[in-house]
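Top line first, the protein sequences correspond to chains X and P. Note that our numbering numbers the first sequence so that position 239 is 243, with each residue one more than the last. Note that our numbering numbers the second sequence so that position 241 is 245, with each residue one more than the last.
For the record, the hints were derived by calculation from the structure and aren't laboratory data. Note that beta-carbon positions come from the ideal geometry of N, C-alpha and C, so glycine has one too. Some clues are possibly wrong.
[As the list claims (entries may be wrong)] Some chain X residues judged to face chain P by a derived CB distance under 7 Å, without partners named: (1) Asn137; (2) Lys237; (3) Gly263; (4) Asp332; (5) Asn333.
[Said to hold, decoys possible] Straight line, CA to CA, 25 Å or less: simulated DSS-like cross-link-like pairs of lysine-lysine: (6) X:Lys42 x X:Lys82; (7) X:Lys154 x P:Lys195; (8) P:Lys56 x X:Lys256; (9) P:Lys195 x X:Lys259; (10) P:Lys261 x X:Lys237; (11) X:Lys268 x P:Lys189; (12) X:Lys154 x P:Lys189.
2 protein chains.
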Amino acid sequence: MKIIVDGMGGDKGPEEVVKGCIEAVNELDVNIIIVGKKDIIEGELIKYKFSKDTIDIIDASEVISNDEEPTIAIRRKKDSSMVVGLRALIAGKGDGFVSAGSTGALLAGGLFIVKRIKGIERAALTTVYPTTNGMSLLLDAGANIDCKPKYLEQFATMGSIYSERVLGVKDPKVGLANIGTEEGKGNALTKESYNLIKDLDINFIGNVEARDLPKGVADVIVCDGFVGNIILKLTEGMAISIFSLLKDEFTKSLKSKIGALMLKPQLKSFKGKLDYREYGGAPLLGVKQPVFKAHGSSDALAIKNAIKQLKSFIEVDVINTIENYINDNE
Amino acid sequence: MKIIVDGMGGDKGPEEVVKGCIEAVNELDVNIIIVGKKDIIEGELIKYKFSKDTIDIIDASEVISNDEEPTIAIRRKKDSSMVVGLRALIAGKGDGFVSAGSTGALLAGGLFIVKRIKGIERAALTTVYPTTNGMSLLLDAGANIDCKPKYLEQFATMGSIYSERVLGVKDPKVGLANIGTEEGKGNALTKESYNLIKDLDINFIGNVEARDLPKGVADVIVCDGFVGNIILKLTEGMAISIFSLLKDEFTKSLKSKIGALMLKPQLKSFKGKLDYREYGGAPLLGVKQPVFKAHGSSDALAIKNAIKQLKSFIEVDVINTIENYINDNE
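Let the hints inform the model, and build the full structure from the sequences given.
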């Protein structure tokens with residue numbers, strides 16, 4: 005199996021991406037093509053020991069940054085690592101593509117270059133949502149801001165398949181993010197979506213309230229991209245704010261400083277539980293070939309984990325499963 | 005000034021409500037009418053020292069519980085403390101009404117009994133949103149699930165007036181809860197609402213992201229009731245989950261237990277900052293007379309604080325200010 009990796013994506017740059025690729029070829033049974041500025045990638049590769057035939061480079065002279073308007077960047081920067089990587093994917097040079105670069109650009113590239121599976125109305129951006137007892141999968145994470153019930157129905161199907169096949173969750177609990185648990189609660193979109201999702205052949209547990217998301221009430225959280233963005237960013241903001249409040253409190257007196265020092269390993273372990281990087285990447289679901297997004301601040305470990313999950317995504321053939329399910333049920 | 009209080013509302017029952025009323029008449033310059041089962045209210049009042057002419061009772065034989073369908077309960081339970089209290093309000097027996105009972109029933113009662121201000125399209129449920137540097141006001145907190153841009157525009161106006169007049173925030177920063185800070189971001193509703201709100205004569209700071217809400221980026225957070233509910237419940241759920249994680253971590257070893265013990269006052273102070281009860285009540289904005297909701301788990305302190313805020317709401321004449329603003333700008 006050959007994985008194409010965007011060598012230039014991510015806040016930490018090629019250094020961590022290349023290191024993650026090295027760890028992947030040494031630990032997982034994969035070959036890798038790194039796309040990016042050849043001299044930079046080679047300069048990184050030279051630092052490590054690895055079997056030379058496991059990693060190839062495709063040269064790409066441009067880089068798409070997070071600040072660029074995604075659609076324009078994908079159209080104009082034809083020699084960017086992301087566009088060249090996605091084109092290599094559809095040309096059959098590799099089995100899947102992963103990038104830690106601009107989420108918007110990857111989404112645009114997925115739609116314009118890789119294109120949607122037949123029958124899928126919208127591709128969904130998925131993300132890992134860390135909970136107190138592990139993780140949930142959330143979709144849509146911000147790709148589709150105004151949704152129709154049909155989109156949410158397909159997100160539920162795709163999320164369930166991915167959770168079961170790749171994340172190994174048995175009979176994953178799929179919940180619709182809503183303002184009350186009872187059937188009939190919600191806005192026009194969630195009410196209609198509920199009626200569509202409940203007829204699917206998945207383990208739909210009904211509406212789930214935002215209050216219960218952090219404790220992992222659902223394996224798959226279905227929502228439109230607006231609500232998904234609110235959930236993800238508020239979760240992040242709360243974690244940051246609570247830590248900053250705790251820090252303020254803990255430095256108030258000598259006694260509290262000593263107390264905080266004694267708790268340091270626990271506070272660190274706690275922070276780790278909220279850390280997105282532990283969980284690797286997440287797919288763009290609904291496009292014709294495997295496209296993965298690794299977190300923007302991915303270090304080598306996160307890159308390796310993303311490659312590992314992408315490998316599993318390819319092996320269990322999620323895309324054909326989605327395509328068959330959609331075609332059988334339309 | 006005479007405040008009508010729902011003596012039977014709230015999870016803690018008449019005991020705390022009556023105690024809060026006693027504290028109010030002893031500390032604030034108000035008279036109170038407590039509505040509820042006369043024998044129960046009298047049984048509570050007898051425990052305290054207070055000037056007898058400051059508190060009256062109106063007997064009401066029924067109670068609306070949180071489990072009842074709000075609209076049906078308001079229509080059928082004509083002798084409930086809430087309905088009798090609201091009827092006393094419109095009959096001019098008091099200057100404002102406060103209840104810690106069912107939010108839905110209070111909203112329904114506000115709309116059917118007290119009715120909307122002329123020109124106001126929807127009344128908004130407001131709530132206090134605790135932040136790391138104090139508190140914001142959030143509206144709508146769940147009364148209006150599917151909104152039109154015009155509603156959000158009016159919420160912005162009403163929230164700004166309340167924040168400035170009653171909460172004493174100078175030139176309150178009004179933010180529209182959205183998925184990006186730039187103009188043009190968002191779903192159909194927030195994009196159109198932005199265009200209406202930006203022309204208002206208020207301190208509109210534009211879109212605010214969910215990530216920044218816990219640190220108090222805006223004094224007034226404007227959103228539809230669906231998003232408001234998601235924000236409030238996720239904030240609550242995150243606080244609960246993080247505390248439970250911390251507790252798990254802190255009891256892992258003897259050393260961490262001692263550390264946690266040394267931090268006890270700080271952890272308590274920290275919890276207090278996230279405590280809704282410190283902030284009293286919040287109004288139903290857009291109805292013809294002052295109607296306040298105190299938190300369901302209000303203790304005597306919270307009831308007293310709600311009465312205090314309601315008093316201020318009446319004194320500065322928020323309702324006429326809203327009515328004049330709306331009529332001048334339509």
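Going down the list of hints, with the structure as the test:
1. Interface restraint check: Asn137 of chain X against chain P, minimum CB-CB distance 10 Å, threshold 7 Å, status violated.
2. The beta carbon of Lys237 of chain X comes within 4 Å of a beta carbon in chain P, closer than 7 Å, and the hint placing it at the interface holds.
3. A hinted interface residue such as Gly263 of chain X counts as satisfied when its beta carbon comes closer than 7 Å to some beta carbon of chain P; here the least separation is about 3 Å, so the hint holds.
4. About 32 Å separates the beta-carbon of Asp332 of chain X from the nearest beta-carbon of chain P, more than 7 Å, and the hint is not met.
5. Given the 7 Å rule on beta carbons, the hint for Asn333 of chain X is violated: about 28 Å separates it from the nearest Cβ of chain P.
6. The hinted pair formed by Lys42 of chain X and Lys82 of chain X meets the criterion: a straight-line CA distance of about 16 Å does not exceed 25 Å.
7. Straight-line distance between C-alpha atoms of Lys154 of chain X and Lys195 of chain P comes to about 23 Å, which keeps the hinted pair within the 25 Å bound.
8. With a CA separation close to 46 Å, the supplied pair Lys56 of chain P and Lys256 of chain X exceeds the 25 Å bound.
9. Between Lys195 of chain P and Lys259 of chain X the CA atoms are separated by roughly 50 Å; this puts the pair beyond 25 Å, and the hint is violated.
10. At roughly 32 Å between alpha-carbon atoms, Lys261 of chain P and Lys237 of chain X are farther apart than 25 Å, so this suggested pair is violated.
11. Taking the CA atoms of Lys268 of chain X and Lys189 of chain P, the gap is about 40 Å. The hint is violated against a cut of 25 Å.
12. Under the criterion of a C-alpha separation no larger than 25 Å, the hint pairing Lys154 of chain X with Lys189 of chain P is consistent with the structure, at around 23 Å.
Comparing the model with each numbered hint stated earlier shows that hints 1, 4, 5, 8, 9, 10, 11 do not hold.
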